[in-house]
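Colleague: Given chain A, put chain B in place with the hints provided.
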Amino acid sequence: MTGEEDDGRPSDVTGSGPCETRLWRSLEELAGSEEVRRFGGAEFPEAATPETIDRRALLNLMTASLALGGLTGCAVNRQPWGAPLLAQPRLAPQHTPGVPLIFATSLELDGLGRGVLVRSHDGRPVKIDGNPLHPASLGGTDVFMQAEVLSLYDPDRSTVPMAGGMRRSWDDASLYVTQLSHQFQANAGRGLHILLEPCASPTRDRLIALARQTLPEARWYFHAPLTDGNTHVATARVFGRPLDPVLDLMQADVILTLGGDPLGAGAGHIRYAADYAQRRHARDRPLPRLYSAETSPSLTGARADHRLALPPREIEALARQVLDLVRNAAPPPAAPQSLAAIIAGDLRRAGAGGLVVPGREQAADVQAIAHAINVELGAVNRTVRYVEPIIQASTDQSSSLLALAEAIGRGVVDTLLILGGNPAYDAPGDLEFADLIGRVPSSLHLSYYFDETSRVCRWHLPARHALESWGDLRAFDGTAGLRQPVTVPLVEAMTAEDVLAQLVGEAGDGHAHVQATWREVWGEEFDARWPTALEDGVIAGSAAPAASLAAPVGWSPPPAGPPVAAGYSMVVFAPDPSVWDGRFANNGWLQELPKPFTKQVWGNAALMASDTASALGLATGDIATFTHGGRTIEAPIWIMPGHAPDAVTMTLGYGRRAAGRQGSQRGFDAYPLRSSRELWALAGVTIAANGRRDALISTQHHHGMEGRDIVRVVPATGPVNWPVEPRRSMYPDYVYDGNAWGMSIDLDLCLGCNACVVACQAENNVPIVGPDEVAQGREMHWLRIDRYFAGVPDAPETYFQPVPCMHCEKAPCEVVCPVNATVHSSEGLNEMTYNRCVGTRTCSNNCPYKVRRFNWFNYNQKPPAAPDAVQNPEVTVRWRGVVEKCTYCVHRISTARIAAKMEGRPIRDGEVMTACQQACPTRAIVFGNINDPDSAVYRCRENPRSYELLKDLNTRPRTTYLARIAGLGRGSVGGTR
Amino acid sequence: MTDSRVERSATEAARIPLSPRYGRGWLAALIASVLMVLVLAYVIAELVVAGIGIWGTNIPFVWGFDLSNYVWWIGLANGCSLFAAILVLRRHSLRTAINRFAEGLALFAVICAAIFPLFHLGRPWLFYWTFPYPATFQVWPQFRSPLTWDFWAIITHLIVTTMLWYVGLLPDLATLRDRARTPVARRVFGSFALGWRSSVRHWAFHQRAYRLVAIAVIPLALVIQSTVAFEFAITLVPSWHETRLPLHYVVSGLESGLGLILLAAAALRGSLRGIDRFIDDEDMNLIGKLLLANALVACLVYAGEVASALLAGPLMVEAILNRLVGHYAGLYWGAIALSVLLPQALWSSRMRRSNPAGILIGLGVIAGIWLDRLSIIVGGMQRDYLPSTWRIYAPTQPEWALFLGSIGLFAAMFLLLMRFLPVVSMSETRHDEYREASS
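Protein sequence lines correspond, in order, to chains A and B.
Final position of the first sequence in the working numbering is 1698; the numbers increase by one with none missing.
Final position of the second sequence in the working numbering is 490; the numbers increase by one with none missing.
Same shape as in the complex, but just chain A:
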C-alpha cells in the first residue's frame, strides 16, 4: 500500500489487524472535517459563527450532525418516510461506508484500566478487542471487556433522570445539580458527602483534588465491593507505606499463589496470563513451577503444577511456615518433607526468580507474609516491583463505607452524592446501607441502570457508558490510557467527571476535562502528544516506576491467633466469573456464559467440598440456609471437586432485585451475609439444610473423560511418542493449491477463561437463548470450553479444552446433509450455507464433536435476544430452523482476501485472526495457512505435542490440539506426585 496512489486514504494510515485498521484519533477529528462543518452549518446556522457559541454546544451540535451527516450512512431527508433509496450517504472524508473504523479506548474494571480497540461499523460499535499496545492487555481480553459492547445497547439502561420515582427532564436535573453546586460552594461543602468507586483516573483525581480544595468540608468516601484496603495495609506493614505489587511473570521460576487468582481475575490478570504463557513457551528457559494454595478452585489453581485446597486459616499457616523456612535456611532432612518445606526449598533455590503472590481477599497478615517472603528472596524489582498506589483514592478508614455509614448514623450527612457503584445492593449486609441512604435528606445516584441504589436515592441521573465517554485510566502497572467515545451518546447522560466538574464550577465537557488534565502534565508537548495518545490508546512511558524502598528490615508477623475449631463454618466470598460483583447482571452474554468450573449459567451457587456437603446432608441443588450475626440467606449448594474442606465459597453478584430484565431475580444474593469487618472470609456461619431444591442450570453434566483420548497430557521432559497410524479413506483427498486454513489450540496455555467464547458470540451474532432453553440443552455457543476432571475427586486435575468446529477434511457432516447445505470450500473450510439448510439436523447427529448448533426458535427475536444494534453486519443473523457452527470467521478471511487481492499480494500470516484467537490472553489459539511452512500454525502442527481429537474416526480435523504438559510435581526433591 503506497502513499502515492490516490485512493482517497491518507498516507499515515496504520494497517494492522483483521480489517483495514485505521486508528481514528477521535470523532472530533472526523467532525472537524470541512464537509461535516459545511453540513453542520447548513443544519444549524448558529454554529456557522463559532465565536458566538461555546465549545460544549458546538460539540453537541457536531455530534448530532455526525449522526445525521454520514456516520450512520443514511442521508438526512426532509421527507417523513425516511431516507430514499437513491440518496447517497454524505461521506465523511477518509471513511468508506461499510468499512469499519477502529477506535482505541480504555475500559475499567475494579478501578483499573484495560486498553481496547473497538470496531465500529458506520458509527455503531459492534466488537471489542484488546489493544496490542496497552500493557494491561497486549491484545488479549477477558469476558468483561468483550461483553461491554452489549451493555452499551442494553434496553434496560436508564434514559431519563428520575426524582422521587418520577421521570424528570434534564433541565430539572441540571437545575438541581447547579443548585447543589452553588449551595456547597457557599458553605465550603459542609454536609456534602460524596461516595465514589475507587478509580485510577488522572482526570477524576484532578477533579477530586480540585473539589477538595474548593469544598474543604465535604467528605469523600470510596467503596467498591471487591477492592478494599487489605493490600495497602499489608504493604504498609512490610514497607512502611502503602504500595501496590506489580508482577513480572516472565522472570519467575517458582511461583506460590496464596488465594487470589493472578492469572484468571484481578488486577492485571490478562497481562499476567500472557506473560506466564510466554514464559512457558520460551525455549531457552526452564518451565516455571507454580504452586497454588487456594480455597475454591480457580483458573490459576487449574493451571498450577501443584494445587493445595486449603481453607483460609490453613493458607495462613502455610504462609507462616514458608516464611520461617525461607528465612531460616535449615538443611533439608532426609525424611520426607512437608509441603511447606518443599515449597520453601524451591523458592530459596529460585532466589530472585521466586515469587509469592497473595490474593487480595487474604487477611492483611497473610499478604504481608507474602511480601516479606518476596523481600527475603530478593525478588523485589525482579519478579515483582512495588509501586506507589495506582488508585490514589484514599484507602484509609476515614474514607471507607463504614465511615460513611457512621456519618449517616450521626446525622451529619445533608446531601449524599453517589457517583457510580451500587452500594444499596453490594454494601456488606451488616451496614444495611439501603436503609441508611433512605435517612439522608437529599441523595443523588449517578448510574447506568435505575438500580437498587437509584431506587432509594432521591435523585437518579443516567450515567454514560464507557464507550460513550471521555476519560482516562491507569492500568495495573500505572500506564495511563485515554478513553474516548466510540459512538455518539445514545442517551443523554453524564459521567462522574461531569458532575464533579459542575460541583467545582469547571466549565467544559468530558473532552475538555481530559485535555485539561494532560495539558497540566505535558505542558508544551501537549499538541504533539495528544493525537498520538488518542490514536494509540496508551500513553507510552507512563508506567509507574518501582518505588524506592528503604533497606528491607525483616518484618515478622504477629503470633498466630488461636486455632479456629474445625467446622463447616467458614464462608468465603469471591467475585463471580460471569457477573463479577453484580454490575454485569443484565448482560445476557455473561449470564449465559458457563462459569469455568461449574459450567453453571443464569445463576450462582454456594460451592463446597463433597465431604462438607455429605456431613450436612446436602446434594448439589439442595437449598441451605446460612446464618451469621442475625442475618440469614438461602442459597443452593454445588459440590465442587477440589474445593477446600471446612469452607464454603459464595460468589457475589447475583440475586439482584433491580438489574433489568435479564439480571433480576437470578441466583442468590450473598451480600447480605457479608460483614464489613470481615469482608472476605466469615467464620462462625451456621449452615442448615432446609429441604427445598433449586433447579441449577449448567451446560456440562459429565466431567470425566471416561478413559477416552480427549485431553492428552505429556510429561514435561522426554520425547513424545505417539503411534502414527496409516490414514486411509475411500474418497480422494481434497487438493489445496492456495490457502488451506487450519487452527491449533495449545491446551498447555489455555486457562479456561472463556474470553474466546464471548468473543465468538460477539463477532458472529450468536444468539442468547435464555435459562429455560439452556436447561434443555440448547445453548448456542459456537465455541465451547469443555472442562474435565481427572484423578482423585477431592483433588482433581482440571483440564480445559476449547472445542470449535474441527473443519474436518473428511467431514462426517457433509456426507449426510440431504440438501447440500454444508459443503467443503476450496480453502479447506467446512462451510455452512444457512439459506439452503432445511433443518434435518442429521449433520449434528453425525458430528462426533457436537459442535453444530440448531436454531430451535427464532432466538434473535425472542427475549432475551441481544438488541439488533449489537449485531455484526458482516455476519448473517440466522433464522429459526437452520443449523449453525463455527466458520473459522470466514468473513474475516474474506475481508483479508479482498484486501490482499486489491493489493496483489498473498495473505500474510497473522493477517487473519479469528475472533477467538484475537481474544485469547495467552495466545493459545493459532490460526493460519497450513500450506505455508513459515506460518505459526504450521509450526504448531509440526510440534510433537500436536494431536487430533478423536483421531481414530479419521475425520482429519483441521483444528488440532497441542497436548498439555503435565505438572512438574513437587520440588526437585521427592519427584513425582
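A few of these clues could be false.
[Said to hold, decoys possible] Here are some chain A residues the structure puts well away from chain B; computed CB gaps all over 10 Å:
#1 GLY886
#2 GLY1132
#3 ALA1155
#4 GLY1412
#5 HIS1423
#6 VAL1540
#7 ASN1576
[As the list claims (entries may be wrong)] Each pair of labels, with its calculated beta carbon distance range:
#8 ALA101/B with GLY1425/A: 33 to 39 Å
#9 THR1554/A with ARG295/B: 32 to 38 Å
#10 GLY1425/A with PHE188/B: 43 to 49 Å
#11 LEU1674/A with PHE188/B: 18 to 24 Å
#12 LEU362/B with ARG1429/A: 16 to 22 Å
#13 GLY1425/A with LEU375/B: 17 to 23 Å
#14 PRO407/B with ARG1382/A: 54 to 60 Å
#15 ARG295/B with GLY819/A: 52 to 58 Å
#16 GLY1425/A with LEU362/B: 21 to 27 Å
#17 ALA101/B with ARG1429/A: 34 to 40 Å
#18 SER359/B with MET1623/A: 54 to 60 Å
Source of the hints: derived by calculation from the structure; they are not laboratory data.
Computed from a predicted model, the values in this text were never measured in an experiment.
From the three backbone atoms N, C-alpha and C, an ideal C-beta is built for every residue, glycine too.
Modeller: Just chain B, lined up with the frame of chain A:
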C-alpha cells in the same frame, strides 16, 4: 351347494361390514379419533409457526420422538405390506381374511409415517429441496446422504403400498358400484373402479398385475426399511453404526406389522357381527403362530444386538451397557418384555383364538417395538464420543400430542375404511369359497 347359492351367500355375507347403520360404538370411536386428528392439526400448526423448539429435543438429541415415531410407523407399514404381499404370492388362504385391511393399514401407516420426516424439518416448507429439480440456483440434493435416499424411499413406499391396495381393491370397487343404491355412491365407486367389467381378460390382467405388484413390494419393502435404517447406520454414532441395523429394523418392523394385523383382526372379529365367517379361528391361529415365530426371531435379533455390541470396541460396549442399565433402561427392557415375552402367550391355542387376548397382545407388541425404537434412537445417542456432551432428553407435551394425534389419524382412516370399503376381499373370498365348494 350350487354356484349361485355360494355366490349369493358370500356376497350377502360380505355386505355385512357395509351395512348402512354402523352403531354407536363406531361413531364414538370415529369422533374420538377425529378429535385426535384436530389435536394433530393444531400441534402441527404450532410447530410450523413457533418452531421445533416446542419439542424436548436438544444437542445431542436432535432427534427424539420425531424420528422414533417415523421409524415405528414405517415398520408397521412395512410389516403389513410385506406380509400381505407374501400372502398374495403364495395364494395362501389367509389372504382372503386379512389382505384387504392389512394393505389398508399399511397405507395408513405410511401416511402417518410421512408426517414426521416432513415436520421434523426446521423449515418444512422447503422439503422439496430434497427432490432433484433444476433450480435456478443450480444446487442439487446431496446424493450421498441417506436422507435423500429416504425421501425416495417414502415416496416409493407410498406409491407401492397404494398400488398394492388399490389393485386388489379394484374388483370389489366394481361390485360396490354395481350394488350401489344411490347415484352418488355409484359415481364415486364407478370412477374408482376404472370401468371394471369382470371379464376374463380383466381378471387375467388383474391377477398378473396383483402378483407383479406383490413381487415388487417384497424387495422394495426390504430396501425401504433398510434405507430408513441407513439414516442411523450411516452415521458414526457408536450405538447406531452397525451393519445389522437394517436387519433389526426389518425383523422388528415385520413383527410390529404382524402385531397390528393381529390387533386389527381381533378388533374386527370382536366388533363386527358375522365377520368371523371370513376371519375365522383358523386364520387367527395362523396369525398368532406367525407372530410368535417372528417374536422368536426378534429375540434372536435383540440378542445379536447385544452380542455384536459387546464384541465391538469399548465405545460400543459402553453404549449398549448404557442402554441396558442406564437412564433409558426402561425403554429397552420394556421393549423386550412386550415384543419378546408377551407374544409367548401365543403358544396357547386358546390365546390365539381369543379376541381380547389378540387385542392386548397386538397392542403390546406394537408398543414394544415403539419402545425399541426409542431405545435405539434416544437411548443409543446418549453415549457417544465426548462425555462433555452427554445429557438427557425428555419429550414435551407437543411431542406426545403429535404422536397420539398420528395414532388418531390412523384410527380415523381405518374406521372410515371399515365403513366405506370392504374389510375382507370380496372377490378373493368368493373365489376361494367357490373353489372349496367345487373341489
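Colleague: Hint by hint, note whether the structure agrees.
Modeller: Hints, verified against the model:
1. GLY886: Per Cβ check, GLY886/A is outside 10 Å of chain B; nearest 38 Å; holds.
2. GLY1132: 57 Å, holds
3. ALA1155: With a cut-off of 10 Å, ALA1155/A remains clear of chain B, as the shortest Cβ separation is near 40 Å.
4. GLY1412: 24 Å, holds
5. HIS1423: 4 Å, violated
6. VAL1540: For VAL1540/A, whose nearest Cβ neighbour in chain B is about 5 Å away, the distance does not exceed 10 Å, so it is violated.
7. ASN1576: 7 Å, violated
8. ALA101/B with GLY1425/A: 33 to 39 Å: 37 Å Cβ-Cβ, so the 33 to 39 Å window holds.
9. THR1554/A with ARG295/B: 32 to 38 Å: Since THR1554/A and ARG295/B have Cβ atoms about 35 Å apart, the given range 32 to 38 Å holds.
10. GLY1425/A with PHE188/B: 43 to 49 Å: 47 Å Cβ-Cβ, so the 43 to 49 Å window holds.
11. LEU1674/A with PHE188/B: 18 to 24 Å: 33 Å, violated
12. LEU362/B with ARG1429/A: 16 to 22 Å: 19 Å, holds
13. GLY1425/A with LEU375/B: 17 to 23 Å: 21 Å, holds
14. PRO407/B with ARG1382/A: 54 to 60 Å: For ARG1382/A against PRO407/B, whose Cβ atoms are near 58 Å apart, the range 54 to 60 Å holds.
15. ARG295/B with GLY819/A: 52 to 58 Å: Roughly 57 Å apart at Cβ, these two residues keep to the hinted range, so it holds.
16. GLY1425/A with LEU362/B: 21 to 27 Å: 25 Å, holds
17. ALA101/B with ARG1429/A: 34 to 40 Å: For ARG1429/A against ALA101/B, whose Cβ atoms are near 38 Å apart, the range 34 to 40 Å holds.
18. SER359/B with MET1623/A: 54 to 60 Å: Holds - the Cβ-Cβ distance for SER359/B and MET1623/A, about 59 Å, lies within 54 to 60 Å.
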